[in-house]
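If you're matching them up, the sequences are chains B and P in order. Residue 887 is where the first sequence starts when you use the numbering used here, and the numbers rise one by one after that. Residue -3 is where the second sequence starts when you use the numbering used here, and the numbers rise one by one after that.
Bear in mind the hints are in silico, worked out from the structure with no lab data behind them. Heads up, some of the hints might be wrong.
Lysine to any residue pairs mimicking SDA-like chemistry, simulated, CA-CA at most 25 angstroms apart [said to hold, decoys possible]:
id, chain 1, residue 1, chain 2, residue 2
1, B, Lys897, P, Gly90
2, B, Lys905, P, Val57
3, B, Lys1035, P, Asp39
4, P, Lys125, P, Gly90
5, B, Lys1035, P, Asp17
6, B, Lys966, P, Lys67
7, B, Lys1043, P, Thr59
8, B, Lys905, P, Lys67
9, P, Lys67, B, Arg1073
10, B, Lys937, P, Val57
11, P, Lys125, B, Leu999
12, B, Lys966, B, Ile953
13, B, Lys1035, B, Asn1074
14, B, Lys905, P, Gln69
15, B, Lys913, P, Leu48
16, B, Lys905, P, Leu62
17, B, Lys1043, P, Gln53
18, P, Lys125, B, Ser998
19, B, Lys905, P, Pro54
20, B, Lys897, B, Pro1057
Far from chain P, some chain B residues (derived; all Cβ distances over 12 angstroms) [what the hints assert, rightly or not]:
id, residue
21, Pro894
22, Gly1055
23, Leu1056
Only a predicted model underlies this, so the values are computations on that prediction, with no experimental measurement involved. In this text, a Cβ means the ideal position worked out from N, Cα and C, and glycines have one as well.
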Amino acid sequence: MSHVIAEPDQKAQIQLLNKQLTDIGQKQCSDAFTAIYNHFAGRVKSFLIGKGINDDTAEELMQEVMIAVWRRACTYDQSKAAASTWVFTIARNRRIDHLRGTPRVEIELEDSLLQLESDDIPAEQQVDILQDATRVHSAMATLPEDQHKVLHLSFFKGQSHGDIATRLGLPIGTVKSRIRLAMRSIRNTLHEQEEQV
Amino acid sequence: MNISHHLSDDTLQEYTAGALDPSLEVVIACHLTYCTSCRNRADMLDVTVGALLDTEQPTAVRTTALELIQKAQSLGEEQAQAEPPVSDVPRPLGRLLPAPLESLAWKRLAPGIKQYNLSNRHRKYGAFKLLHLAPGVVLSQHTHKDKELTLVLRGSYQDEIGRFKAGDVADLGDDVVHQPVVDTQEPCIALIATQSPVQFSGVMGKLMQPFVGF
Chain B
887 MSHVIAEPDQ KAQIQLLNKQ LTDIGQKQCS DAFTAIYNHF AGRVKSFLIG
937 KGINDDTAEE LMQEVMIAVW RRACTYDQSK AAASTWVFTI ARNRRIDHLR
987 GTPRVEIELE DSLLQLESDD IPAEQQVDIL QDATRVHSAM ATLPEDQHKV
1037 LHLSFFKGQS HGDIATRLGL PIGTVKSRIR LAMRSIRNTL HEQEEQV
Chain P
-3 MNISHHLSDD TLQEYTAGAL DPSLEVVIAC HLTYCTSCRN RADMLDVTVG
47 ALLDTEQPTA VRTTALELIQ KAQSLGEEQA QAEPPVSDVP RPLGRLLPAP
97 LESLAWKRLA PGIKQYNLSN RHRKYGAFKL LHLAPGVVLS QHTHKDKELT
147 LVLRGSYQDE IGRFKAGDVA DLGDDVVHQP VVDTQEPCIA LIATQSPVQF
197 SGVMGKLMQP FVGF
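Turn these sequences into a full structure, and let the hints guide you.
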C-alpha cells in the first residue's frame, strides 16, 4: 500500500480541485482550467480507452469532455459533489453516448416527482461532501488488489460482471462478491468514522 | 414516500458503470426519483469512481488547456434538453409516453392483464413494457433467468418476497420463484425491463414469455 496518501494531504488536494473547478465557473479563470485540465485530461483519456475506443477516439472524446467541463463549470456546486465525481459523470455519459448513441438515463432534478431528503435532518447528519470524498479516497487506497481490479474493470472498462468473470477466468459469483466486499468496506469506512465523530 | 423494496448493490454498481441497457436504466432512474436512500447509495458509487479517476495513470494527451478554451469559444451554445410531455410518472419514463398512464393505448393480454410495450425490438432483446393488472389478478408462478427489474407505479401486489407498493422496486436475482397477486381494489401498474439478451430455456420458457417480467 505504497500509494496511500495521508488523509490531510488528500483532503487538501480534493479541496484544491473543487476550488479550481468553482473558479472556472465563477470567473472563467483560464489558470484554474489549466490546473484542472492538467490533472484530469490524461486520466479522463485513460478512462475512455477500451471497449473498442482507441487512442484517437479517446483523445477526441476527452477533448469534448474537457470542453464540457469548461462550459458547464458554472453549474458545479462544491457543496454537492467533489470535482472528480463531477468530471467522472461527464466522462461516463460521453462514453455511453458514444458507444450506443443515446445518453445514460438519469433522474431529472426538475422532476416534480423527485422525492427530496426531508429538511429536518440535523446538521451533523447532513452529508459533508469533502469529508466523504476524502474517506472514500482513503478507503480505495487500502482496498485489496483483487477487489481494486474488479472495480476498475467494471467502472473503467464498462464491463458487465459476466464479462469480467470471463476475462479473469473466475466464476461470476466471485466477481460479484469481490465487488460487494469492496463496496461494503468503503461504506464501513464512512460509517465507522461517522460514529467516531 | 415510504419505500420498502430497493435496488441491489449489484444493480446500482452496474448502473454506475454504464453496463446496463437503457430500458433498465429507465426503471432505475424512476426508482431513484422516488427513493432518496438508493439515490444516496448511487451518489456514493459516483464518488468512488471519482476517487478511482483521481488515482488513474494518465494517458498522454495531444492538446493544451488553452487550445481547448479557444475551441470552446468557437462553438455554439449547448442545447438544453427539451421539456418532457406532461405526465404522471417520473420523467425518465414520462419522456417515453405519449399520454398519462390511464390514457395509454393498452393491449389486452389475458383477462385482467393489459400491457403497453415500450420497445419495438424483438423480445429476444429483452422486455421493456408497462403491465396493467386488475384487482385480484394472480400471475402464474415463474422464475427469473436474467436481470430483471419491476417498478410499481400504481397500486400494489404481493408475492412470496413481500408486498410491493408504488415506488418499490423488485430487483430479483436468479432462481427466485414467485407468484404475484394484486392485493387491493386498485389496479396495479408496473414498469418492467429485462436485460438483453434473454436466454430462453426451451419450450416452457417460451410459453412463459408473456409473463416474464413480473
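Query raised in the report: For which of the previously enumerated hints does the structure constitute a violation, in increasing order of number?
Result: 1, 6, 9, 15 and 20
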